[in-house]
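Chains as they are written, first to last, in UniProt numbering: chain A, 1 to 326; chain B, 1 to 326.
Please note that the accuracy of each hint is not assured.
Same chains, same label: a pair holds when it works inside one copy or across any pair of copies.
As the list claims (entries may be wrong) - Result set (DSBU-like, lysine-lysine): computed pairs, CA atoms no more than 35 Å apart in a straight line:
id, residue 1, residue 2
1, K136, K190
2, K254, K290
3, K148, K158
4, K41, K112
5, K84, K185
6, K136, K310
7, K10, K112
8, K84, K226
9, K312, K35
10, K35, K112
11, K231, K190
12, K35, K301
13, K226, K257
14, K231, K294
15, K301, K88
16, K112, K84
17, K301, K112
In case anyone wonders, no lab produced these hints; they're calculated from the structure.
There are 2 protein chains.
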Amino acid sequence: MASIRDVAKKANVAACTVSRVMNGTANVAPETRQKIEDAMKELNYIPNELARGMFRQKSGTVAMLIPSIRHPYFSNLAHCIESKLYEKGYKLMLCSTDGQIEREREYINILKTNIVDGVIMGVSDLEDNEYQQFDKPMIMLDYDAGKKLPIVVSDHEKGGRLAAEKFMESQCRYVIHIGDRELSKVESYKCHTALAHALNAAGIENRFIEIKWNEFDFSGYLEIAKTILEKYPQVDGVMAADIQAAAFLKAALKLGKKIPDDFALVSYDGTYVADVNLVNVTSIIQSADKIGDKTVEILLKLMAGQKLTKRKYLIDVVRKDGETTK
Amino acid sequence: MASIRDVAKKANVAACTVSRVMNGTANVAPETRQKIEDAMKELNYIPNELARGMFRQKSGTVAMLIPSIRHPYFSNLAHCIESKLYEKGYKLMLCSTDGQIEREREYINILKTNIVDGVIMGVSDLEDNEYQQFDKPMIMLDYDAGKKLPIVVSDHEKGGRLAAEKFMESQCRYVIHIGDRELSKVESYKCHTALAHALNAAGIENRFIEIKWNEFDFSGYLEIAKTILEKYPQVDGVMAADIQAAAFLKAALKLGKKIPDDFALVSYDGTYVADVNLVNVTSIIQSADKIGDKTVEILLKLMAGQKLTKRKYLIDVVRKDGETTK
Chain A
1 MASIRDVAKK ANVAACTVSR VMNGTANVAP ETRQKIEDAM KELNYIPNEL ARGMFRQKSG
61 TVAMLIPSIR HPYFSNLAHC IESKLYEKGY KLMLCSTDGQ IEREREYINI LKTNIVDGVI
121 MGVSDLEDNE YQQFDKPMIM LDYDAGKKLP IVVSDHEKGG RLAAEKFMES QCRYVIHIGD
181 RELSKVESYK CHTALAHALN AAGIENRFIE IKWNEFDFSG YLEIAKTILE KYPQVDGVMA
241 ADIQAAAFLK AALKLGKKIP DDFALVSYDG TYVADVNLVN VTSIIQSADK IGDKTVEILL
301 KLMAGQKLTK RKYLIDVVRK DGETTK
Chain B
1 MASIRDVAKK ANVAACTVSR VMNGTANVAP ETRQKIEDAM KELNYIPNEL ARGMFRQKSG
61 TVAMLIPSIR HPYFSNLAHC IESKLYEKGY KLMLCSTDGQ IEREREYINI LKTNIVDGVI
121 MGVSDLEDNE YQQFDKPMIM LDYDAGKKLP IVVSDHEKGG RLAAEKFMES QCRYVIHIGD
181 RELSKVESYK CHTALAHALN AAGIENRFIE IKWNEFDFSG YLEIAKTILE KYPQVDGVMA
241 ADIQAAAFLK AALKLGKKIP DDFALVSYDG TYVADVNLVN VTSIIQSADK IGDKTVEILL
301 KLMAGQKLTK RKYLIDVVRK DGETTK
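The task is simple: from the sequences and hints, build the whole structure.
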């Protein structure tokens, strides 16, 4: 296979001139460019992405940090981002921090070397300034790390409002929302704030209960769900992430509650986990596809040194009504 | 924070001597070692993993290639491997090929550079010699790529036999096994061979039907399941991967079949997807934990230049009996 040196020799120019033409990094006289392009055609030269990357000081690789690879929402989002990046000629390297701040910090340190051209941050355990100090193109996914960094995120407030509507239509009197830590800095927490706001305005009692999100032990979730429903027998509505929602559904049925007459359930995220159940679960769906497309679009702009017109990109969420609400 | 140079200055030795002590790469006189260790203590020197890696020509990073990050089995396995690697001081970079041979090849090319110290191959689209030509420590997960490369894999034959037992106990007369392409080179295909063998021996009719494994469109799977069950109304048993199994369960109930009297179902993999359902699904469980532990153990040996005592490591599978079989 012809190398960049063969092309340079054929065109009677220096190899670095060939690479300049390949990468469009500097002005090259039109006739020189023509000579090089002719030589490439004649030699059937296929630019090797990796070689091209080395010339450009680019790796052609983007990293994405996520809190858990096991979480169906993140694994689906990673898939969408990877597909989109691939379309644009980039590879994705995925780093999962297991929700641990030390791991997040260590990955960021590794990524400061020349392995990647840009970073997508689906994590949020560091302080704003730690993200801001990272000197490569970076985009945030669920955490607003201040004015230097763009963020692409679901419209979680709308998500909370859409869920509230369903609890009202189901005539609920006491709704529990299950989530991770009460973290106002994490954007997804806004679905709880919006839900509480709407339910309070309608005079519906409600309460936020924290459950660890990254255990992935379904029988454990089932136990917790049962305990909560026994402790609060008056509860007639629950909003929870897909897997925990499935646990509440199972627990409520075991306790003899009728769905949706005695008990309404809204699942958050709307991954395939909400679909596999025998009962069609009412879900708020985050569009991983749209988040992925927008994230890659913005990151490519940053990597090309372009200015962004705005900093925060809100992606619409929708509700799919199922059999678990009226 | 103290640097390696500060330590060298304090101990009155060259920086490379300090790094030799840190990495144990060469003999250093005991008194010199003591001086260096004292200086480290005094300066409260914390060796930076990355710096240490650069001295050792190691990155402290392992890559894992998988066919899909969305697949609950692979995402769970990646999680287990990552946790184990982290325990041992390594980071994991995950690359998902989307089942495409071109992507697999491109990732392998990237990984030939100095980004990673070793590679875990959870993919299987290339030819044996392409894997064998890779010149870093490599371990295979579900594909036996020939005598040069070690493989850690579930005992899929046992998985097939355990499933067959349940179909027999459920008095099935016609069992369908759903899978991806008929690929004898992929180890997981052995569960189908073993299932067919056992069912044939018992005079139970059976048939393998191919369904794309990486669509993740549950309503699509549901349609396919319905079509298959309508085309083969005599079918009274199905073995399929977790998500597809959920689709068959839903389709069978919609067609008015009684579970497990008219229809028995066995789910393969046994991820949390099999657990979230309202009905407890009988599952063959691949132990991602044990596969992860063994894989990391073997890879670390390879990276340390140790010889392996054997090449193939078979990990036990178990069956969890649920409500979908007799």
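Open item on the list: I'd like to know which numbered hints this structure contradicts. Please list them from smallest to largest.
Closed with: 9 and 14
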